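Position chain B with the ligands relative to chain A; hints supplied.
Heads up: the sequence lines are chains A and B, in that order.
Each number in the numbering used here corresponds to the 1-based position in the first sequence with 350 added.
Each number in the numbering used here corresponds to the 1-based position in the second sequence with 617 added.
FYI, nobody ran anything at the bench for these hints, they're computed from the structure.
These numbers come from a predicted model, not from an experiment.
Yeah, the Cβ is synthetic: ideal placement off N, Cα and C, and Gly gets one too.
Accuracy of the hints is not assured; some may be wrong.
Stated by the list, open to error - The following label-pair restraints were derived from C-beta to C-beta distances:
| hint | chain 1 | residue 1 | chain 2 | residue 2 | range |
| --- | --- | --- | --- | --- | --- |
| 1 | B | 629 | A | 541 | 49 to 55 Å |
| 2 | B | 682 | A | 462 | 55 to 61 Å |
| 3 | B | 637 | A | 544 | 35 to 41 Å |
| 4 | A | 595 | B | 663 | 25 to 31 Å |
| 5 | B | 636 | A | 544 | 38 to 44 Å |
| 6 | B | 632 | A | 592 | 24 to 30 Å |
| 7 | A | 552 | B | 682 | 32 to 38 Å |
| 8 | B | 679 | A | 365 | 32 to 38 Å |
| 9 | B | 629 | A | 735 | 42 to 48 Å |
| 10 | B | 699 | A | 630 | 27 to 33 Å |
| 11 | B | 629 | A | 658 | 17 to 23 Å |
| 12 | A | 728 | B | 632 | 49 to 55 Å |
| 13 | B | 686 | A | 658 | 20 to 26 Å |
Read off the chains here:
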Amino acid sequence: MVSGELSKGLPKTADVVIVGSGVQGASIAYNLAKMGVRDVLVLDAGDLLTGSTGRCAAGIRAQWGGELNCKLAKASLDIFETLSDELGMDIGLHQGGYLIVAYLDSEFQQLKRNVQLQNSLGINSVILSHDEVKERFPALDISNAVGFTYHHRDGHADPFLTTLAYIEGAKRLGVNFYFRTKVTGIEARGDRVEGVQTSKGYISTKVVVNAAGPWARDIAQMVGLSIPVEPEAHEIVVTEPVPRILDPMVISFSGNFYMQQRPNGSFIMGMGPEPYAHPKDQYSLTWKFPYIMAQKVTKLLPALREVRLLRHWAGYYAVTPDRHPILGESRYVKGFYMSVGFSGHGFMLAPITGKLIAEMIIGKKPSIDVSSLRPERFEEGKLVFEPMVV
Amino acid sequence: MSDPIIVCRCEDVTLQEVREWISRGYTSLEDLRRILRLGMGPCQGRTCIPIVQRELARMTGKSIDEIGSPTGRPPAVGVELGAFTSD
Ligand SMILES: Cc1cc2nc3c(=O)[nH]c(=O)nc-3n(C[C@H](O)[C@H](O)[C@H](O)COP(=O)(O)OP(=O)(O)OC[C@H]3O[C@@H](n4cnc5c(N)ncnc54)[C@H](O)[C@@H]3O)c2cc1C
Ligand code: FES
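This is chain A alone, in the form it adopts within the complex (with noise of 0.2 Å):
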C-alpha cells in the first residue's frame, strides 16, 4: 500500500505555511527552500493542481508595453530556460515565439512603442512585415490584419509538468505539501501573524503567504484585509491533435483572441470572457463560446476547419483594478504576505516572483524592485499602467 500525504499528521509549528498550492504556491516554496528555510509548509484545499494552473495556457511573453511588465517577464523567461535542468524534469518548454497580430492602426503604433521599449531592456523582438509573416508562417491568413510583432524567444511550457517540477523540487528539499487541507482561518496577535486554523488542526507560525489564486480575497479576508482581486471566468477549448502547422503563439487584443499548437499536435485556444457573456464567478461553460471562437480562428487559420474540439473548460483569471499583480508583505498584518491577483499572467511570472517572495520573506533586498506593486497602492491611489492586456 502507498503510503500518501493523508496518513501523515499535519505538523503543529512551522517557519513559513503558504496557502495553494498551484505554480505560485510551488514556486514560492521551491525558491524559499533553495535560499536555506527548512520548515516550509504548503496546503491546498483541493487536489493536486484543480485551480488556475491546471486550467491555463500556459504562455510565457516577454512582449509587454510596461517596463515593470517587461522586466518581470524577462527574468521569468531566462529562468524558465534553464529550469528544466534545475529542477531535474521536463517542463515542457517550446519557444515558438509569439506573434502579435494588430488588426486597428492606433494598436499597430503602441505595438511598435513597446518593441522600442523591450529592445531598451533586452528583449530582441521585431516587428514583421506582411512578406514576413507569409514566409515565416504560411498557414496563417493575414490579409485583414495592420501590423506584427514578434518575439522568437516567447512560448510556453507544461503548466502540469512546471509546477509538478517545483513541487517535487521543493519536496527533496525538505518541504511538505498537504492537500485537501484547507485554510479556515488566520490568527494574528496585535499586527503579527500567530498561525493558521486549517481543517485538519491548527498550524503556529509567523509567515503565511498568500498564494491563493481567486480565492485570494477570501485569505486576505482572514487577517481583516479587503483586497481587490476578482474572479472572472475565462473558457478555453483544445482540440484533436494534428501534424505541426503553426509554431508561434498568435494572439490579438483587438482581435479578442489567443491560439496556439501545443507539442502534441493540438491547438489550445482563447479570448475574453465579453462576447460569449460569461458568468464571472462560475466554472460552467457557454455554448457561444465554441462559435464564436472557430469564426475568429477558421479566419485567422483555416487549415483548423476540418479539426475536432476535444475539450472545453473554463477557469479563472484573478483580476485587479490595474491588471497588475499584488507582491509584498501587508503594511498592517506582519509576516502576512501576497503572491496574489495575476490577472491572467501568472504562470509565465512564477519563476521570478516566487523568487522576489522568497528574498523578501528571508530580509534580502528583491533582485527586481516591485515595490509599486505593494498591497496598499490601491488605497493609496497608486495604480500601475499597462496598456498590453486583454
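Relative to the frame of chain A, chain B with the ligands by itself:
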C-alpha cells in the same frame, strides 16, 4: 529492462510511469490525469482510464467506486471547428 507497457496509447503513457507517480503519493485519478495527461487524448480515456483505475485500486487498496471516474465532457466536443462557422 523489460519493454514498457503502454496504458494510454493516445498520450503515450506507460504502466511504469503510472506506478512511479502513484508511489510518490499521487493517489487520486484526477492527480494522475493531470500529471500524465491520461485520458486527455482523442479517445478521451476510454482505453486507459479503466486500466489506471484498476492499478490505483491494486496499489492503494481502495475500491473502484472510491477511486471514481473522470468528469464528463461538454456537448460541443467532437465537432469540427468548420461546423461552427457555416450559417
Ligand atoms: C483560461 C485561462 C488561460 C490562461 N492563460 C495564461 C497564459 O497563457 N499565461 C499565463 O501566464 N497565465 C495564464 N492564465 C493565468 C494563470 O492560470 C494564473 O495566473 C496562475 O495559474 C495563477 O497561479 P496561482 O498559483 O496563483 O493560482 P491557482 O493555480 O489557482 O492556485 C491557487 C490554489 O489555492 C488553493 N486554495 C484556495 N483557497 C484555499 C484555502 N482556503 N485553503 C487552501 N488552499 C486554498 C486552490 O485550491 C488552488 O489550488 C490563464 C488562466 C486561465 C483561466
Ligand atoms: S488511451 Fe488514454 S486518452 Fe486515449
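Consistency of the hints with the structure:
{"no.": "1", "hint": "B/629 / A/541: 49 to 55 Å", "in the structure": "holds, 54 Å"}
{"no.": "2", "hint": "B/682 / A/462: 55 to 61 Å", "in the structure": "holds, 60 Å"}
{"no.": "3", "hint": "B/637 / A/544: 35 to 41 Å", "in the structure": "holds, 40 Å"}
{"no.": "4", "hint": "A/595 / B/663: 25 to 31 Å", "in the structure": "holds, 27 Å"}
{"no.": "5", "hint": "B/636 / A/544: 38 to 44 Å", "in the structure": "holds, 42 Å"}
{"no.": "6", "hint": "B/632 / A/592: 24 to 30 Å", "in the structure": "holds, 28 Å"}
{"no.": "7", "hint": "A/552 / B/682: 32 to 38 Å", "in the structure": "holds, 33 Å"}
{"no.": "8", "hint": "B/679 / A/365: 32 to 38 Å", "in the structure": "holds, 34 Å"}
{"no.": "9", "hint": "B/629 / A/735: 42 to 48 Å", "in the structure": "holds, 45 Å"}
{"no.": "10", "hint": "B/699 / A/630: 27 to 33 Å", "in the structure": "holds, 31 Å"}
{"no.": "11", "hint": "B/629 / A/658: 17 to 23 Å", "in the structure": "holds, 20 Å"}
{"no.": "12", "hint": "A/728 / B/632: 49 to 55 Å", "in the structure": "holds, 52 Å"}
{"no.": "13", "hint": "B/686 / A/658: 20 to 26 Å", "in the structure": "holds, 23 Å"}
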